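**Student:** Given the sequences, and given the hints that come with them, work out the whole structure.
In my numbering, the protein residues as written are 33 to 202.
It should be emphasised that the hints constitute simulated quantities derived from the structure, not laboratory data. Bear in mind that the values here come from a model prediction, so they are computed numbers and not experimental data. By construction, the Cβ of each residue, glycine as well, lies at the ideal position given by its N, Cα and C atoms. Among the clues, some could well be false.
[What the hints assert, rightly or not] Restricting the straight-line Cα-Cα distance to at most 20 Å, the calculated cross-link-like pairs of lysine to any residue (SDA-like) are: (1) Lys153 with Thr52; (2) Lys153 with Lys86; (3) Lys153 with Gly120.
[As the list claims (entries may be wrong)] Listed next, with one range per pair, are the computed distances between beta-carbon atoms: (4) Thr84 with Glu164: 43 to 49 Å; (5) Val35 with Ser178: 37 to 43 Å; (6) Thr90 with Ser145: 17 to 23 Å; (7) Tyr192 with Ser85: 53 to 59 Å; (8) Val35 with Leu175: 41 to 47 Å; (9) Thr155 with Lys86: 17 to 23 Å; (10) Leu157 with Arg191: 22 to 28 Å; (11) Arg191 with Glu161: 14 to 20 Å; (12) Lys86 with Asp165: 46 to 52 Å; (13) Gly150 with Asp117: 17 to 23 Å; (14) Tyr137 with Thr92: 27 to 33 Å; (15) Asn38 with Ile156: 30 to 36 Å.
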Amino acid sequence: MRVLHNFHGNQGASLDSRLTFDSSGNLYGTAGDPNRRASDPDVGLVFELSPTSKGEWTETVIHVFSVGSNFGRDGEFPGGTLVVDGSGNVYGTAVNGGVGCSGFYCGVVYELSPQGGGTWKETILHPFESAEDGSEPEEGLLLDGSGDLFGTTYHGGSRYGYGTVYEITP
33 MRVLHNFHGN QGASLDSRLT FDSSGNLYGT AGDPNRRASD PDVGLVFELS
83 PTSKGEWTET VIHVFSVGSN FGRDGEFPGG TLVVDGSGNV YGTAVNGGVG
133 CSGFYCGVVY ELSPQGGGTW KETILHPFES AEDGSEPEEG LLLDGSGDLF
183 GTTYHGGSRY GYGTVYEITP
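**Tutor:** Spelled out as structure tokens, the structure:
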């Protein structure tokens, strides 16, 4: 076994996802420790690990979810497996937060798009705002050849409230 990267301090806690490769060999994952909410405004992050020519790996935090000035509107506690499309966009879910969320257990589906110069732009593709469409998208996403995203929620749904299966189309 070989350790590729050790996380510490503000780099993330509670690695919450399986890793995903992109076409260039970079690894992507999430970290989000729900126990940090009371003492730390950062409630998760998405990271990229890139291989160097010397066989080492460099970590870059590409997005930090924060309850600071945006009050969790961009999501809180990312988790589940990320997916990467052919253009390098990264898609994932966060179990809490969202624009219409008035408390815990809403969640979002998000897209992170590379903008050049090492910056990334987050776009919320769907905020889970009501019991009808589900809440707590804990698991990762699947991406089909047409760019449709598929996932599940832990709670919500109009019938019994035991979750939903959803599709998001471009």
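**Student:** Evaluate each hint against the coordinates.
**Tutor:** Now for the hints, and whether the structure bears them out:
1. Lys153 with Thr52: holds, 19 Å
2. Lys153 with Lys86: violated, 30 Å
3. Lys153 with Gly120: holds, 12 Å
4. Thr84 with Glu164: 43 to 49 Å: holds, 47 Å
5. Val35 with Ser178: 37 to 43 Å: holds, 38 Å
6. Thr90 with Ser145: 17 to 23 Å: Since Thr90 and Ser145 have Cβ atoms about 21 Å apart, the given range 17 to 23 Å holds.
7. Tyr192 with Ser85: 53 to 59 Å: About 54 Å separates the Cβ atoms of Tyr192 and Ser85, which means 53 to 59 Å holds.
8. Val35 with Leu175: 41 to 47 Å: violated, 29 Å
9. Thr155 with Lys86: 17 to 23 Å: violated, 35 Å
10. Leu157 with Arg191: 22 to 28 Å: holds, 24 Å
11. Arg191 with Glu161: 14 to 20 Å: holds, 18 Å
12. Lys86 with Asp165: 46 to 52 Å: Roughly 47 Å apart at Cβ, these two residues keep to the hinted range, so it holds.
13. Gly150 with Asp117: 17 to 23 Å: The hinted range 17 to 23 Å holds for Gly150 and Asp117, with Cβ atoms some 19 Å apart.
14. Tyr137 with Thr92: 27 to 33 Å: holds, 30 Å
15. Asn38 with Ile156: 30 to 36 Å: holds, 31 Å
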